[in-house]
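Trainee: Sequence:
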Amino acid sequence: MTRDWMIRLLGRSPLVMAMVALAALAFATSAARADAASATISAAPSHEAASSPIAAKGRYKVEGDECIWNATDDGPNQCEPVTPGRFKTVKKQCVWAGGEKGSDQCKPSKGRFKVDGSACVWTPSDDGPNQCNPRKKK
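Note that the sequence shown covers residues 0 to 137 in numbering that gives the first Met the number 0.
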């Protein structure tokens, strides 16, 4: 069979053309899924990458009665803060980023930490002295 003969045969049979179209669609769909899967893997959350012993850098350390994040140290955490988080600059504003690790990037001009049940929470619209210390070790 020559190539030209096969092309003429395929062009005359609607069933064969439909099968070729379905095969092409299936191939395109599987390629798109493979691309999406690789994008999902490469966009893994940073906490997964940080769980690797090679990638892990930084830990919570005891400093007096506080539990402070030290980004240049490694090893197991010595403590856990009551409320993990830090202040960071977002669109020229100083905001509390709960759950994030790292040193503070800024100091807010207003707000305070308040006791809410057994939690120590940041209230940006409140004034006065802090009612609790989020960096106190548990």
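The hints are simulated quantities; they were obtained by calculation from the structure and are not laboratory data. Since this is a predicted model, take the numbers as computed values, not measurements. Cβ coordinates follow ideal geometry from the N, Cα and C atoms, glycine included. Treat each hint with caution, since some may be false.
Claimed, not checked - The calculated label-pair distances, taken between Cβ atoms and stated as ranges, are:
id, residue 1, residue 2, range
1, Asp73, Ser124, 32 to 42 angstroms
2, Gly74, Asp125, 28 to 38 angstroms
3, Asp64, Lys87, 36 to 46 angstroms
4, Ser108, Lys135, 19 to 29 angstroms
5, Lys56, Ser108, 10 to 20 angstroms
6, Asp72, Gly127, 27 to 37 angstroms
7, Lys56, Gly127, 12 to 22 angstroms
8, Thr71, Asp115, 16 to 26 angstroms
9, Lys109, Pro75, 17 to 27 angstroms
10, Gly63, Pro128, 13 to 23 angstroms
11, Gln130, Asp73, 30 to 40 angstroms
12, Lys106, Lys135, 30 to 40 angstroms
13, Glu79, Pro107, 16 to 26 angstroms
14, Pro128, Pro83, 30 to 40 angstroms
Trainee: Indicate, hint by hint, whether the structure satisfies it.
Mentor: These are the hints, each one checked on the structure:
At about 38 angstroms, the CB distance of Asp73 to Ser124 agrees with the hint of 32 to 42 angstroms. Gly74 and Asp125 have their C-beta atoms about 37 angstroms apart, which keeps the hinted 28 to 38 angstroms range intact. Separation of Asp64 from Lys87 is about 24 angstroms and departs from the stated range, judged on CB atoms against 36 to 46 angstroms. The hinted range of 19 to 29 angstroms is satisfied by Ser108 and Lys135, whose Cβ atoms lie roughly 23 angstroms apart.
Roughly 32 angstroms separates the CB atoms of Lys56 and Ser108, a value that falls outside the hinted 10 to 20 angstroms. Between Asp72 and Gly127 the beta carbons are some 34 angstroms apart, a value that agrees with the proposed interval 27 to 37 angstroms. Take Lys56 and Gly127: their Cβ atoms lie about 37 angstroms apart, and the range 12 to 22 angstroms is violated. Range check, Thr71 to Asp115: about 33 angstroms between beta-carbon atoms, so the 16 to 26 angstroms window is missed.
A C-beta distance of roughly 37 angstroms is found between Lys109 and Pro75, which places it outside the suggested range of 17 to 27 angstroms. For the pair Gly63 and Pro128, the supplied restraint of 13 to 23 angstroms holds, since their beta-carbon distance comes to about 19 angstroms. As the Cβ distance of Gln130 to Asp73 is approximately 34 angstroms, the hint placing it in 30 to 40 angstroms holds. Under the hint 30 to 40 angstroms, the C-beta atoms of Lys106 and Lys135, about 18 angstroms apart, miss the expected range.
For the hinted restraint 16 to 26 angstroms between Glu79 and Pro107, the CB-CB distance of approximately 23 angstroms keeps it satisfied. At roughly 22 angstroms, the beta-carbon separation of Pro128 and Pro83 lies outside the given 30 to 40 angstroms, and the hint is violated.
Checked against the numbered hints above, the structure violates hints 3, 5, 7, 8, 9, 12 and 14; every other hint is satisfied.
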